[in-house]
Amino acid sequence: MDPCGECIPTQQHALVALKRAVNHVHTRLHQGSVSMLTESGSSEEERTAYRIAQVARAVMQAAGMIDQEDMDGTLNDSDAHDTPSKATATRRSCRQTDWRDDDDFIASPSIFLHLDAAQPVRSNRVMEYIVAKGRAAHTSEELTWLYRHSQLTSLLDPEDLQHLVPLSLHREYTHGELILDCGAPVRHLYVVVWGNVEVFRVDSINNERKAMEEAFRVASHQSVSMKLSRTSDRRDSLSPYGLRLTDVQGTNTNSEVSSDAVYTHVADLYPGQVFGIENCVFNAASHYVFRAGSAMSKTAISLLPYEELQLVLARNPRFAQGVGVRITDSMDVFGSIREFCRYVFSPTSAQNEYLPLWSILESYTRVHNVIHTKLFSHQVDTGTWGYALNRLPENLTSTFCFDLVHALPPFIARRMQVEARVADTRKGADSLAMKGGSMRSSITYIRTKERRRCTWHLGMEGKTLVLLRDGFTDLLDFLTMLCVHIIESNKLRGRVQGMVHPPAIDILDEYLRQREQEELAGKYLTTGGVTRDAEMQRVHAILKRMPLTEEEQAGLLRNWGHNTLLRIYEVMMHREEYNVRVDPSLSIKFQMNPFHEWALNLRSCVLEKLGLDRFSALPDNLYIDVISSNTHCIKNLLCGFNRKYRKDILDYARRTESKRLGRPEEWHNVDDMLYVALTGFLQNERPDLKEEHSRSLEEDGITVLQDTAMTGLQVEVIPVHQLNFNAIDETIREALHKYYEEVTKNDSEKREGKTGGSTVPTWAQVCKPIYRRSQDGLKTHVLGCIMTDSRGDTSPNDSDVEPGSTNLATASTTKKPTFTEFSEPANMNSNRGSPTVTPAVHHVRDGRMQWHFLINMDFAFGAQAEGICRVIFSAFGKRIRSVSVVGKAGGLTGKRGDIQLASHVLLSKSSLILEDNQDELRNCRNQDLTAQRLQELAGPRVKVHHGKVLTVTGTMLQNVQLLRYYQQVWRCVGTEMEGSYFARVIEDFYRQGIAHPGLTSRFAYYTSDLPLAQNDAEIEARQTHRLPASAATLSAPMSPQEGVPPLYAIARGILEKVLL
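Counting along the sequence shown from 1, when you hit position 42 you're at 42 in UniProt numbering, and nothing is skipped either side.
One thing to keep in mind: the hints can contain errors.
[Claimed, not checked] Derived pair list, reagent style BS3-like, types lysine-lysine, alpha-carbon separation capped at 25 angstroms:
hint, residue 1, residue 2
1, K647, K768
2, K635, K449
3, K647, K690
4, K948, K895
5, K690, K635
6, K635, K647
7, K544, K374
8, K943, K895
9, K738, K768
10, K609, K635
[Claimed, not checked] With beta-carbon atoms standing in for the labels, derived distance ranges:
hint, residue 1, residue 2, range
11, E665, L921, 42 to 50 angstroms
12, P409, W763, 56 to 64 angstroms
13, L921, R654, 24 to 32 angstroms
14, P409, N923, 35 to 43 angstroms
15, Y990, P687, 47 to 55 angstroms
16, R654, H287, 52 to 60 angstroms
17, L512, P664, 42 to 50 angstroms
18, G611, H368, 55 to 63 angstroms
19, P997, A617, 32 to 40 angstroms
20, Y511, R201, 49 to 57 angstroms
21, L178, E450, 47 to 55 angstroms
22, K738, Y990, 27 to 35 angstroms
23, H149, H946, 29 to 37 angstroms
Hints are computed from structural coordinates only; laboratory data are not their basis. Note that beta-carbon positions come from the ideal geometry of N, C-alpha and C, so glycine has one too.
Work out the full structure, taking the sequences as your base and the hints as a guide.
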């Protein structure tokens, strides 16, 4: 009956009557107050109001009966087979029409309906009609079917489902009950099985008002917040949604939640949808509140343990990529890094030339770098600061303007350009200021300890010219390191300025005046004056008076040594007033590319060692093996000096280096200890042997190119045909001997019965070099073994022909080898003037190659690797038979000192401001470098991890989210900065036919740090309620026993493959 007493048709919905009644009451309330209503009221209005109240009570009572019927039908299996009641049908029919509804009848699976036959449902929401009738899935078969049709879990293989379903947990919740609270740890993947889940974002009302005022410039007078009750009895204090609408300016409630909390409804989740996977991957707490909704009388959730899903991520790339796509679509994982790059490479910055340094600094703080662990702490992070200082120019605290250029700018006088190149060649000295002459014309090379970056003072103080090695990674590296310096300098200055009795600046000024007097008198850091030890004691005594902790004092002394107080004074006076300018000059387009100049210098060196003119064409039977490593490892393994004085060096290590290096018995390969102690032996024990050491390198033909063409990339040219294998590293020699004996034995068996006898040389012959030069430059032939029997370059009769002699053409064309693996097109060099000999096989079986060079170049930095790799292939082409990349990488698994053998390298483009931000995955191949052999060479303390290695844009642009994403989704075992650029060039040149089809590539790294160690320690501390352990980050120093064994194990594994 309606408020006017008219009869309402039975087919009309009850809510229509309720709406009319509420509107009528609302009108009466505005007209005046409503007194107690009775059916026998004195007026018609009172009787109408009474009827309205009756209708409202009837509707509420009917709704309660429907809820009870649904609850009973869900809990009782037998009720599922009964025909739905009229009340239930009426309630279900009142669902508003959705855009996903259609008029097609869809048959629901009977396994979920628990009916004898499937019934039609007018909806195309698959999961909704599955649970529209019946009860939630609870058996293994039902859950398996549900997972196969749910988000993410549909990507699981049948074997994975069979394993995961029994391990899943089943949880049921009533209306408004809390499923997952904001800030709670997440260790499961939640799958909605029944009902619906409502998602709320927790905000602060003050932040909400500030955001509104910022957006609309008006203040809100009244706001309504949805507050979550935290009382002990939730069902008595919560509405069916578990939330209560209250007026913020009204009376206070008994809720334990602060009135500042605002809950905003953001989403509804239905059966088949999942949540929580992002928090599991990043090991983070929930950012939202999840509560059971009211679509059904209860909500059922299935929980899959993430520990088991981690194993699935490792072996199921389809599921892993699905998780990755969901994460990148639902949250901005790389947003802070993109923002940093946007400030650096924005068009505005390019037009203005001067970078917005303070905006860049602010965006850096939002990156939350994993290495800069004390970024938001009041403590000075001396470890990270020291890491940055070693990669910035030494005059950092005394200069104000950095001019970053890609080539020497045209405004520099030609004479100054020449002197700048000379300064770069002689950069070993601490100060290379030109003697005599004014400051206007002086050239001073500024040293950078851990970066081979060309930096100068050019004619004026306060301005420093920095030559970038590339316009991307080197620029980002410089700016991120500068941000670290600015942040930590600000902390230090604030701490030191807190000392007021007496002021710290007065103490420093008094010390510096005394030091200047000692320098003028020639008594500073001299034997007869203030020695270095005495100066360190004086500095330490003054540091103790300052408001710094012992850890901070020790860290500052580690970073600056006896100049610590001078640097603190400069920091206090400087105040980080930097200007950074990027030169937009077009002159680089008209200058010699430094990479090409570097490659031409390298090519000329090889030709000179062959006795040819530097402008001659390269011989076709020339073989090149390229290694990207450091500048001492390969040289130590091949130099005969170390074998000659092996006993003396080890005795020195036992006597004087035992504290740093330990005992020889503690090393898996005692020769590793020898190589570490070599520098100290020559400097402290036997400085008279330095000349002999250099002479030994010259006899072996090992040459270090002095002119780096301002690339900052040193390179060693090693003629393998001049090496005496009896004087190389013992482990390598034994491996070569074993390999050669096996090959020659098999070859001898094949040659049995053939006439002419065996022509396979003995191992003693193979060990000898082909030829050498005496100290006076004359020929000194040392007959060795050259490959024979159609497998090498020349016949044994020509082994005494030295490259560059008049018989060069005859020697190289006497016998043309037969070849299958490493053949080139017949007409490839038809127009060359040099001898045309088809190159032999890559891996020699019957001896040594006559013209075989090993090019060991220093670590390239980031994108510089791509330019260097391109020009070296342009210089030598198909004569390059292998490229080996050795480096250090951050470990995402294992411990420091482990080895990472890359199966693939993954270039992270997701964090870049590019249109194409799809990550690049490239195969490393590693045809002949195995994890088993590396494990044998490294020993039992070192583990070898075989998997993908991530290439990042910079060491200071790594945060926990980025690393967790690639660790969990892509299953990366480590991070580095150059591998993908090498692999990209090799793959591109291989497809274009520039690289040889039989080219061998090797990618191996040793773990230098654990970037996620600090985060892992904090997580473990929260779980165990203990203090976090110290983390092995990149800023923490690495002991020799951690870094040396894996590095030399990788180098030995590569040299075993390239020397024959």
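Now the hints, each set against the structure:
Restraint check for K647 and K768: the C-alpha separation of about 24 angstroms stays at or below 25 angstroms, so the hint holds. In summary, the hint linking K635 to K449 is supported, as the alpha carbons are separated by about 21 angstroms, within the 25 angstroms threshold. For the given pair, K647 sits about 17 angstroms from K690 by alpha-carbon distance, which is consistent with the 25 angstroms threshold. Restraint check for K948 and K895: satisfied, since their Cα atoms lie roughly 17 angstroms apart, inside the 25 angstroms limit.
Restraint check: the Cα-Cα separation between K690 and K635 comes to about 15 angstroms, which is no more than 25 angstroms; the hinted pair holds. At roughly 19 angstroms between alpha-carbon atoms, K635 and K647 fall within 25 angstroms of each other, so this suggested pair holds. Restraint check for K544 and K374: satisfied, since their Cα atoms lie roughly 22 angstroms apart, inside the 25 angstroms limit. The suggested pairing of K943 with K895 holds, with an alpha-carbon distance near 8 angstroms, which does not exceed 25 angstroms.
At most 25 angstroms may separate the alpha-carbon atoms for a hinted pair to count; K738 and K768 meet this at roughly 17 angstroms. Of the pairs offered as hints, the one joining K609 and K635 holds, with about 18 angstroms between alpha carbons and a cut-off of 25 angstroms not exceeded. Range check, E665 to L921: Cβ separation about 43 angstroms, and the 42 to 50 angstroms hint holds. Distance hint check for P409 and W763: the Cβ-Cβ separation is about 58 angstroms, which falls inside the suggested range of 56 to 64 angstroms.
Distance hint check: the CB atoms of L921 and R654 are about 48 angstroms apart, inconsistent with the given range 24 to 32 angstroms. A hinted range of 35 to 43 angstroms for the beta carbons of P409 and N923 is consistent with their spacing of about 41 angstroms. Range check, Y990 to P687: about 48 angstroms between beta-carbon atoms, so the 47 to 55 angstroms window is met. At roughly 58 angstroms, the beta carbons of R654 and H287 sit within the given window of 52 to 60 angstroms.
As the Cβ distance of L512 to P664 is approximately 46 angstroms, the hint placing it in 42 to 50 angstroms holds. Range check, G611 to H368: Cβ separation about 58 angstroms, and the 55 to 63 angstroms hint holds. The hint said 32 to 40 angstroms for the Cβ distance between P997 and A617, and at roughly 22 angstroms that hint is violated. In this structure, Y511 and R201 meet the distance hint of 49 to 57 angstroms, their C-beta atoms being roughly 56 angstroms apart.
Look at L178 against E450: about 52 angstroms separates their beta carbons, and that is inside 47 to 55 angstroms. Our hint of 27 to 35 angstroms for K738 and Y990 holds, since their Cβ atoms are close to 31 angstroms apart. As the Cβ distance of H149 to H946 is approximately 36 angstroms, the hint placing it in 29 to 37 angstroms holds.
Going through the hint list in order, the structure does not satisfy hints 13 and 19.
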